Structure formats: C-alpha cells, structure tokens
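Okay, here's what each chain looks like letter by letter:
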Amino acid sequence: MENRQRLQKKDGVKVPDPPTPHTKGKPRLLLMGQRRSGKSSISSVVFHKLPPSETLFLESTARIQKDSLNSFMEFQVWDFPGQIDIFDNPNFTFDMDAIFGEIGALIWVIDAQDDYLEAVARLNSTILHLHRSYPHINIEVFIHKVDGLSDDYRLDIQRDITIRIQDELSDQGVENAPVNFHLTSIYNHSIFEAFSKVIQKLIPRLGQLEAMLTNLCRTCRFEKAYLFDVNTKIYIATDSTPEDMASYEICSDYVDVIIDFTEVYGSWPRSQQWRKRLEGEPWSQPLEEQVACEWAESGMVLADARRPIMLREVDRFLALVAIMKEGSYDKMPQINMNVDVVVKGLTEFFEITKPKELAPGAQQGPASPGLVQG
Amino acid sequence: MADFETTMGAPSAGGQVVGDWTGPAAAHAQLKKVKKQKVLLMGKSGSGKSSMRSIIFSNYLARDTRRLGATIDIDLSHVKFLGNLTLNLWDCGGQEAFMENYLSQQRAHVFSNVGVLIYVFDIESRDVERDLATYVNIISALVQYSREAKVFVLIHKMDLVQPMTREDVFDHRAALVRRKTAEAVAIVQKQKPEQPPQASLTTTTTPTPTPVANNDLSPNLQLFATSIWDQSLYKAWASIIHDLVPNLSLIETQLASLGLAIDADEILLFERTSFLVVSRWTSAEGERNPYGDRFERMSNILKSWKHTCSKYTGTPRNAEQFSDFEYKMGATFSMFATKFTTNTYILVCMPPGEARFNSAKLNVAAARSWFKFLDGPVVPAQPAAAAVPGAAAGAGSGLGASQMLAGMPAS
Ligand SMILES: Nc1nc2c(ncn2[C@@H]2O[C@H](COP(=O)(O)OP(=O)(O)O)[C@@H](O)[C@H]2O)c(=O)[nH]1
Ligand SMILES: Nc1nc2c(ncn2[C@@H]2O[C@H](COP(=O)(O)OP(=O)(O)O)[C@@H](O)[C@H]2O)c(=O)[nH]1
Ligand SMILES: [Mg+2]
Ligand SMILES: [Mg+2]
Chain A
1 MENRQRLQKK
11 DGVKVPDPPT
21 PHTKGKPRLL
31 LMGQRRSGKS
41 SISSVVFHKL
51 PPSETLFLES
61 TARIQKDSLN
71 SFMEFQVWDF
81 PGQIDIFDNP
91 NFTFDMDAIF
101 GEIGALIWVI
111 DAQDDYLEAV
121 ARLNSTILHL
131 HRSYPHINIE
141 VFIHKVDGLS
151 DDYRLDIQRD
161 ITIRIQDELS
171 DQGVENAPVN
181 FHLTSIYNHS
191 IFEAFSKVIQ
201 KLIPRLGQLE
211 AMLTNLCRTC
221 RFEKAYLFDV
231 NTKIYIATDS
241 TPEDMASYEI
251 CSDYVDVIID
261 FTEVYGSWPR
271 SQQWRKRLEG
281 EPWSQPLEEQ
291 VACEWAESGM
301 VLADARRPIM
311 LREVDRFLAL
321 VAIMKEGSYD
331 KMPQINMNVD
341 VVVKGLTEFF
351 EITKPKELAP
361 GAQQGPASPG
371 LVQG
Chain B
1 MADFETTMGA
11 PSAGGQVVGD
21 WTGPAAAHAQ
31 LKKVKKQKVL
41 LMGKSGSGKS
51 SMRSIIFSNY
61 LARDTRRLGA
71 TIDIDLSHVK
81 FLGNLTLNLW
91 DCGGQEAFME
101 NYLSQQRAHV
111 FSNVGVLIYV
121 FDIESRDVER
131 DLATYVNIIS
141 ALVQYSREAK
151 VFVLIHKMDL
161 VQPMTREDVF
171 DHRAALVRRK
181 TAEAVAIVQK
191 QKPEQPPQAS
201 LTTTTTPTPT
211 PVANNDLSPN
221 LQLFATSIWD
231 QSLYKAWASI
241 IHDLVPNLSL
251 IETQLASLGL
261 AIDADEILLF
271 ERTSFLVVSR
281 WTSAEGERNP
291 YGDRFERMSN
301 ILKSWKHTCS
311 KYTGTPRNAE
321 QFSDFEYKMG
331 ATFSMFATKF
341 TTNTYILVCM
351 PPGEARFNSA
361 KLNVAAARSW
371 FKFLDGPVVP
381 AQPAAAAVPG
391 AAAGAGSGLG
401 ASQMLAGMPA
411 S
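Going line by line, the protein sequences match chains A and B. Going by the UniProt record's numbering, the first sequence runs without a break in its numbering and finishes at 374. Going by the UniProt record's numbering, the second sequence runs without a break in its numbering and finishes at 411.
Hints were generated in silico from the structure; no laboratory data involved. Note that this is a predicted model, so its numbers are computed, not measured. Think of the CB as a built atom: it goes at the ideal place given N, C-alpha and C, for glycine as much as any other residue. A portion of the hints provided could be inaccurate.
Below, a list of computed lysine to aspartate or glutamate pairs in the EDC-like style, where the Cα atoms sit at most 20 Å apart [claimed, not checked]:
| id | chain 1 | residue 1 | chain 2 | residue 2 |
| --- | --- | --- | --- | --- |
| 1 | B | Lys-372 | B | Glu-320 |
| 2 | B | Lys-361 | A | Asp-330 |
| 3 | A | Lys-276 | B | Glu-285 |
| 4 | A | Lys-276 | B | Glu-354 |
| 5 | B | Lys-38 | B | Asp-243 |
| 6 | B | Lys-339 | A | Asp-330 |
| 7 | B | Lys-339 | B | Asp-324 |
| 8 | A | Lys-325 | B | Asp-324 |
| 9 | A | Lys-325 | A | Asp-244 |
| 10 | B | Lys-311 | A | Glu-326 |
| 11 | A | Lys-49 | B | Asp-230 |
| 12 | B | Lys-311 | A | Glu-223 |
| 13 | A | Lys-276 | B | Glu-287 |
| 14 | B | Lys-311 | A | Asp-147 |
| 15 | B | Lys-311 | A | Glu-243 |
| 16 | B | Lys-311 | A | Asp-304 |
| 17 | B | Lys-361 | B | Glu-326 |
| 18 | A | Lys-325 | A | Glu-223 |
| 19 | A | Lys-331 | B | Glu-326 |
| 20 | B | Lys-311 | A | Glu-249 |
| 21 | B | Lys-339 | A | Asp-304 |
| 22 | B | Lys-311 | A | Asp-151 |
| 23 | A | Lys-331 | B | Glu-354 |
| 24 | B | Lys-190 | B | Asp-243 |
| 25 | A | Lys-49 | B | Asp-293 |
| 26 | A | Lys-49 | A | Asp-67 |
| 27 | A | Lys-344 | A | Glu-210 |
| 28 | A | Lys-49 | A | Glu-59 |
| 29 | A | Lys-49 | A | Glu-243 |
| 30 | A | Lys-331 | B | Asp-324 |
Ranges of calculated distance between the beta carbons of each label pair, as one might list FRET restraints [what the hints assert, rightly or not]:
| id | chain 1 | residue 1 | chain 2 | residue 2 | range |
| --- | --- | --- | --- | --- | --- |
| 31 | B | Pro-163 | A | Val-174 | 44 to 52 Å |
| 32 | A | Ser-68 | B | Pro-163 | 19 to 27 Å |
| 33 | B | Arg-179 | A | Trp-295 | 52 to 60 Å |
| 34 | A | Trp-295 | B | Ser-369 | 29 to 37 Å |
| 35 | B | Gln-162 | A | Asp-115 | 26 to 34 Å |
| 36 | B | Leu-160 | A | Met-337 | 49 to 57 Å |
| 37 | B | Ser-369 | A | Glu-288 | 32 to 40 Å |
| 38 | B | Asn-358 | A | Pro-135 | 57 to 65 Å |
| 39 | B | Ala-319 | A | Thr-241 | 26 to 34 Å |
| 40 | A | Asp-115 | B | Gln-106 | 49 to 57 Å |
Throw the hints in and build the complete structure from the sequences for me.
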C-alpha cells in the first residue's frame, strides 16, 4: 500500500505529456484476467452504474466488449473474454498493435477468493510480452473480490502475489516493470478509488490540476478537495494533502446523492404556465436571472456541525467536492468567490486539453482486433 | 409482531385540557381512544423478517444482515415511531414448531387485536406448497380473531430473481397468494356460518381480487415485491406505517398550507430514524414528475447517506447525521432538507430563485411550531385554521403567500 502511494506521488509529479509515439487516440483501459474474475462486473458497475448485486446475472463475455467513456477526456474501455490467451491463441492471431498501440493501462483482474496461481502465471507472461514491445502500458493489478476477506488476509494475498510476480520478472531479467497493485471490490468504494488512480496517470498535466486544488484548499481552508468525474465517481485530481479513503468515500457518496436528486427533480421539463407564473409579478424576471449561480451548487452540514461538505458543478462532466473546516459554513460568500475563480481555472484547463484530444484524426480508432472464435 | 399504542393527541394521564383546539382541522384531532393494536411480522424462518426490521428501524446496512442470528420464538422490541407511536415489534421466529404453537395453544393470544399482519414469503423458498399451507392457516386464525386486520404480504428477496422475469414471477406469486387468501377465508366462513355480517372491512386502495361482499371476511390485502438490496423495502414499509400514523389528516392539511405558502413543488416529511415517508404534499406542477417511485427512492438515498456520515464522523448509526442540506440546480430547481421537528426531517423541492429559496427556508423554520404535535401527545399550540402562511413568516398573520414573498428582496 505504502509502496503504491509512493509510486503514485512520484507519477503525479512526472506525468506531464507522455511523449509516446503512440498517442493517436483516446487512452485505453484493457480489462484482462481469468474467466469470472470480475472484469465485466467491474466495467458494468463503474461505467454503467449497475448495482453490484445485479452482476450475479451478467452473461459471460464471448467477445471483446468495447466501451467508450465520454467525459473530460475520452477513454476506451475494453473488456476481454477470460478464456482466451491473446498471446498464444491457436485459433486466431491478434493484432497486437491494435490492442496495445494506444497509451493506456492494462488492468489485470485476479479473483482473490479463488485459486490465483494460474492467473498470476498468465499475468507474468503478459507482463513480459508487454514489457518488451509496449513499455508505455501501465500494468495495474486488481486483486479483486476482497470483500469478505479479513484485512490481514488481504495483505497476505497482496504480498504473496507481489512476490510471485517480482521473482518471475527478475528471473527473466526484467526490473522496474510498471506494475501497481490495488485491492478492490465492486461492493464498496475501492473499485472506484482504484480506477481513479489508474486514470490519473493518464491525464496530461495532472500536476497543474493538483496545484489548483491545493491552492483552493489553502485559501478557503478546506480540509480536502476532489475533482470528480460525475458519471463514474472517479476522482481525477485532489489536493496535495495525504490520501484519505474516508474523505474520498463521503465526497463520492455526496456526488451520488446529488446525482439522484438531479435525476428525480431536475431531469424533466416544467410546464410553460409554471415558468410564466414564476417569472411574472412580483418577480418580473426570467428564472435565469433569479438564481445566483447558473451551475449546480450544494452544501450539507453534518449534525456534529463540524465539517460541512460542498459541491460545485464545473461543467457537464466534472464537479468539485470539498470538505470544509469546522464552522466555515458561515463564510460561504467568500468561499463561493474563491470557488468561482478555481472553477474558471479548471474550465480553462480542460478547454486547453480538449482540442488536443480531439485533434483531427484522433477520432478514428485503430483496426478492430477481431472477434474471438467460439 | 408488534403492538401499536397510539395516543392520538390525547393526554396520557387524564386531567389536561384539550380545549383550545377549535380550528376546522380539530375534527381530525378528535381524541381517539388509546388504541392498542398488534402488528404481527410472520413468515418462515430465514425469509428476511429480522433483516427488514433491522434495516428500517435500526439502520443496519443490507450486508450486515447476513450476521443476524436466527430468531427463536418471539423477539420483542420497542420501536419509537414519531413521538406518540410506539411499535412493540414482535418478530416471530418462523421455525415450524413455533408456528404450530402460534396456531394452537397461543392462537387466541397471538391473533386477537391484530391491526396489521405482515407476512413475508421468501421467493427462493423450495417448498412453496408448504409455505402457502402455513400462510392459509395463519390467515384463517387472523380472520377468526381479528377480522378487521390489514394484511401486507411481502414477496421478498426479489433481488435473487433475474431482473427480466421479476415482474412475471411476482405477478404469478401474487395471484397465488390472493387465491389462497380467499380459500382461507372460505374455510373460516364455512366453519362459522352463523356469524352475523359485521360492518364490512375497509375498502382497499390497492387491487384486491373481489369486491367486498356484505359478509365477506377477506382481509384488506396488499402485496409488495421487496428486497433489502433496493428501495422496494421502503415502499412496502411506508405503506404499512402510513395508516398507523396518528393525526395523519392534520399533518396533510398543514403540509398543504405550508407548501402553498412557500410556493413549493413537493414536500416530504420523513420520520427521523427510519426515514420512511410519513406524509407528503405535491403541487400540480410537481404531479407531473415522471418518477413515480421517488418517495421510496428518497428514503433510500437519505438513509444510505446517513450511513456514509455515520462512518465518516464515527457517530452511532442511529444518531442524527445531518442538520441541513441545500441543493440549487441552476435555473432548474432548488431543494433543501433539514431537521424539522424532534422526530422528523423535511425535504422541500421548489422552483429556482435565490430570494424564493431564502424565504422558503425561513418559513419552514417558522412552521416547525405548527407541527409540534408530531413529537408527542401534545395538542398543537395554534389551530390549523390560523396556519396561514403569513403567520409563519413572522410578519403578522393574514398575509397571503405572494404578498409575503414579494416582501423579500428579489436576488
Ligand atoms: N464477492 C464479489 N463478487 C464479485 C465481485 N466482482 C464480481 N463478482 C462476481 O464474480 C462473478 C463473475 O463476474 P464477471 O464480471 O462475469 O467475470 P468476468 O468473466 O471476469 O467478466 C459474478 O457472479 C460477479 O457477481 C466482487 O468485487 N466481489
Ligand atoms: N438476497 C437477499 N437476502 C436477504 C434478503 N432479506 C434477508 N436476506 C438474508 O436472509 C437471511 C435470513 O434473514 P433473517 O432476517 O434472519 O430471516 P428471519 O428468520 O425471517 O428473521 C440473512 O442472511 C439475510 O441477509 C433479501 O431481500 N435478499
Ligand atoms: Mg466477462
Ligand atoms: Mg429472525
């Protein structure tokens, strides 16, 4: 864990503009691992909001499922059928460049509740292949389904898997392969947090974003601030204070609450009469001018009156969520002004980033790697 | 099972005067006799009775229920619901031996004075025939001793059924239960043909199989598909609780006054521990909301938010978790939720606009005193007739809503 955090920090600083020759399209997340390790569940829960309990009914994946995630950046998510080995397949030759040619991450899912030796062996051979030909691919190992396992047991498994991989790699003369480990489950926040880490490494100029949030925390005396991708609850940046799962969880759940309220009360058109009445006497103003802020904004005071939480929509995809310090709810006017400034900065940041992402030619995907033979 | 003791605004020990009460709504607050009603919670062992009880009333998480031990015999617990409603929740162990016992030696004791029977069927159960046979026996006993009881049948653990087929599976099972209910009633009727036709049972709001005949003993039956893993549980329990809430029509009248006064589109009143919707009011515009399931959905959202807060602050899960919430979605809508009376939270959804919002918050705070009676057997301080919006603004009574709001600076 510590090791992972250290890696994370380092990456956060050095990430600017990965200069790979392969950056011609959207970053790609490749989900691989044994059958029934949980790959489709993960992509359904994170990217399609499937309730975790409903994953019991997922059909097994017969062909590569490609999703794209349209957000502040566009990502592709590819879910692979577990039974095939793309490097050594008797029936079909895969176009490796088509799969690994993009900058991105390979997410290798291991079922921690099952015997994982074969999974680790396959992972090792995959790492060796990639390390040779596609070193720019980050390898992210999700030690998955850790719900139901004790904390000690989780760490034991993580240690065991790490050692098995390191030993094999160094036997093969490979040092410093970019392998990271995450303990995950679809039944809690860990899967979203893990994806956050994975995706942050793929964001150009992440350091700048982090600096903006760190600044905001200092001027407004916030305890912690997150920039969320609202649809997935992945956080794409946070301030420089130490990582803290608890504050991520509460902020992420707050986004959930807002999403639900927005859907129930904000997603259907009001009638003409309604608007007419509200804009007539004594208001005599369009509704747009009766509001203080055109974007969604929200605040919640916890009952112990200590740390209020605030949320501010940045654009269609992003929201800023912060945990404030005790008693700061009274200073909302000043805080709102500071938040306005940062929101403006964030908007500009993504406006600069966007055109680059959408450069001509960037849209067309590489050739399809083809279907898997039944 | 549970006993409901309701004191309907009556002084608990005689002596207090209830005189002041003169408004038109006074009719609703007529002192009803202290009523003692049982609510039986029954169903086979493992069907999920203790789980639901713990989730609704003790703020357990669905996944925590896996750790619940089996209920042996009868598990008694007192649940305070609002100020003047105490549920003596009796969760009956569903092991067969106990079921037998309820039906034989304890028959009169268990089935007399029942207000509500909640019967839980596990949709996963292998032995449907036997489950239904037990149900028939229970219904027979109920009709025999408490013919006016309402029956809520929960077809439970629906999450274990393929999402595609849930509706069919439920419809099928519901039809079966209705038929069996009718059969059970027929048996009792045959046994006691001499019984004079009593005042017929209250008509249901939900579909029941047959129109109520004069001497029909069919209980008032409502069926729900439920799961502890989603909001369906809140829908069922809000219905169960709804008719037991004392002074319901008074609450409804006053919520409507408040809603009109502050120009709201919807107001929901939640019980503070369970977050079940006690009452609600919706404007004509609000009725256009296509989300018919929003009430149980709100319960579910706020309840899970409470869990999040409890985890974060390290306070007990039954403790109060938040006091104030605001959400303004640009020029689309605004809403706030806040601690209301001692036993309730209120959620207000309204049109956008800064001034409108601020004035609504002030008015809701002022309206707390109208709802004091929610917190216990106390008669409201002022008659509802005087519950004119203006009074709540503190700007003197008699002002109409628009006048009062016009007084607020527009942005
Ligand atoms: N306990 C637990 N089960 C999981 C988790 N993720 C997935 N599963 C279950 O694992 C099974 C296989 O999942 P699936 O996504 O089809 O695996 P795939 O073959 O790798 O795509 C399903 O029954 C899921 O419900 C998890 O985090 N915890
Ligand atoms: N899948 C599923 N399991 C449930 C549900 N409700 C309860 N359970 C489980 O069923 C088991 C027995 O529940 P319990 O409440 O003790 O049953 P009781 O004997 O009727 O009180 C527990 O493991 C619960 O977690 C449900 O809606 N869905
Ligand atoms: Mg799959
Ligand atoms: Mg039990």
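Status of each hint after checking the structure:
1. Restraint check for Lys-372(B) and Glu-320(B): the C-alpha separation of about 19 Å stays at or below 20 Å, so the hint holds.
2. In summary, the hint linking Lys-361(B) to Asp-330(A) is supported, as the alpha carbons are separated by about 16 Å, within the 20 Å threshold.
3. The hinted pair formed by Lys-276(A) and Glu-285(B) meets the criterion: a straight-line CA distance of about 12 Å does not exceed 20 Å.
4. At most 20 Å may separate the alpha-carbon atoms for a hinted pair to count; Lys-276(A) and Glu-354(B) meet this at roughly 17 Å.
5. With a C-alpha separation of about 14 Å, the suggested pair Lys-38(B) and Asp-243(B) falls inside the 20 Å cut-off, and the hint holds.
6. Taking the CA atoms of Lys-339(B) and Asp-330(A), the gap is about 18 Å. The hint holds against a cut of 20 Å.
7. At roughly 7 Å between alpha-carbon atoms, Lys-339(B) and Asp-324(B) fall within 20 Å of each other, so this suggested pair holds.
8. A distance of roughly 16 Å separates the Cα atoms of Lys-325(A) and Asp-324(B); the hinted pair therefore holds under the 20 Å criterion.
9. At roughly 16 Å between alpha-carbon atoms, Lys-325(A) and Asp-244(A) fall within 20 Å of each other, so this suggested pair holds.
10. A C-alpha spacing of about 18 Å is found between Lys-311(B) and Glu-326(A), which places the hinted pair at or below 20 Å, so the restraint holds.
11. With a C-alpha separation of about 14 Å, the suggested pairing of Lys-49(A) with Asp-230(B) holds against the 20 Å cut-off.
12. Proximity of Lys-311(B) to Glu-223(A) is assessed by CA-CA distance (about 17 Å); at most 20 Å being required, the pair is judged to hold.
13. Restraint check: the Cα-Cα separation between Lys-276(A) and Glu-287(B) comes to about 18 Å, which is no more than 20 Å; the hinted pair holds.
14. A distance of roughly 17 Å separates the Cα atoms of Lys-311(B) and Asp-147(A); the hinted pair therefore holds under the 20 Å criterion.
15. A C-alpha spacing of about 17 Å is found between Lys-311(B) and Glu-243(A), which places the hinted pair at or below 20 Å, so the restraint holds.
16. A threshold of 20 Å between alpha carbons decides the hint, and for Lys-311(B) with Asp-304(A) the separation of about 13 Å falls inside it, so the pair holds.
17. Pair hint Lys-361(B) plus Glu-326(B) holds up; C-alpha atoms about 10 Å apart against a cutoff of 20 Å.
18. Taking the CA atoms of Lys-325(A) and Glu-223(A), the gap is near 6 Å; set against the 20 Å cutoff, the hint holds.
19. A hinted pair counts as satisfied when its Cα atoms are at most 20 Å apart, and Lys-331(A) with Glu-326(B) qualifies at roughly 15 Å.
20. Note on Lys-311(B) and Glu-249(A): the hinted pairing holds, with a Cα-Cα distance of about 9 Å set against a maximum of 20 Å.
21. Taking the CA atoms of Lys-339(B) and Asp-304(A), the gap is about 13 Å. The hint holds against a cut of 20 Å.
22. For the hint linking Lys-311(B) to Asp-151(A), the alpha-carbon distance of about 18 Å falls within 20 Å, and the restraint holds.
23. In summary, the hint linking Lys-331(A) to Glu-354(B) is supported, as the alpha carbons are separated by about 17 Å, within the 20 Å threshold.
24. With a C-alpha separation of about 31 Å, the suggested pairing of Lys-190(B) with Asp-243(B) is violated against the 20 Å cut-off.
25. As the CA atoms of Lys-49(A) and Asp-293(B) are separated by approximately 18 Å, the hinted pair is consistent with the 20 Å bound.
26. Proposed proximity of Lys-49(A) and Asp-67(A) is supported: the alpha carbons are some 14 Å apart, at most 20 Å.
27. For the given pair, Lys-344(A) sits about 15 Å from Glu-210(A) by alpha-carbon distance, which is consistent with the 20 Å threshold.
28. Pair hint Lys-49(A) plus Glu-59(A) holds up; C-alpha atoms about 17 Å apart against a cutoff of 20 Å.
29. Proposed proximity of Lys-49(A) and Glu-243(A) is contradicted: the alpha carbons are some 25 Å apart, above 20 Å.
30. For the hint linking Lys-331(A) to Asp-324(B), the alpha-carbon distance of about 16 Å falls within 20 Å, and the restraint holds.
31. Checked against the hint of 44 to 52 Å, the pair Pro-163(B) and Val-174(A) passes, with Cβ atoms roughly 45 Å apart.
32. Remark: the range hint 19 to 27 Å for Ser-68(A) to Pro-163(B) is upheld by a beta-carbon distance near 25 Å.
33. Separated by about 55 Å at the C-beta atoms, Arg-179(B) and Trp-295(A) satisfy the suggested range of 52 to 60 Å.
34. Taken as a hint, the range 29 to 37 Å holds for the pair Trp-295(A) and Ser-369(B), whose Cβ atoms sit roughly 36 Å apart.
35. At roughly 29 Å, the beta-carbon separation of Gln-162(B) and Asp-115(A) lies within the given 26 to 34 Å, and the hint holds.
36. Evaluation of the 49 to 57 Å hint for Leu-160(B) and Met-337(A) yields a pass: the beta carbon distance comes to about 52 Å.
37. A C-beta distance of roughly 36 Å is found between Ser-369(B) and Glu-288(A), which places it inside the suggested range of 32 to 40 Å.
38. One distance hint, 57 to 65 Å for the beta-carbon pair Asn-358(B) and Pro-135(A), holds here, with the actual separation near 58 Å.
39. In this structure, Ala-319(B) and Thr-241(A) meet the distance hint of 26 to 34 Å, their C-beta atoms being roughly 27 Å apart.
40. Taking 49 to 57 Å as the suggested C-beta distance range, the pair Asp-115(A) and Gln-106(B) conforms, at roughly 52 Å.
Going through the hint list in order, the structure does not satisfy hints 24 and 29.
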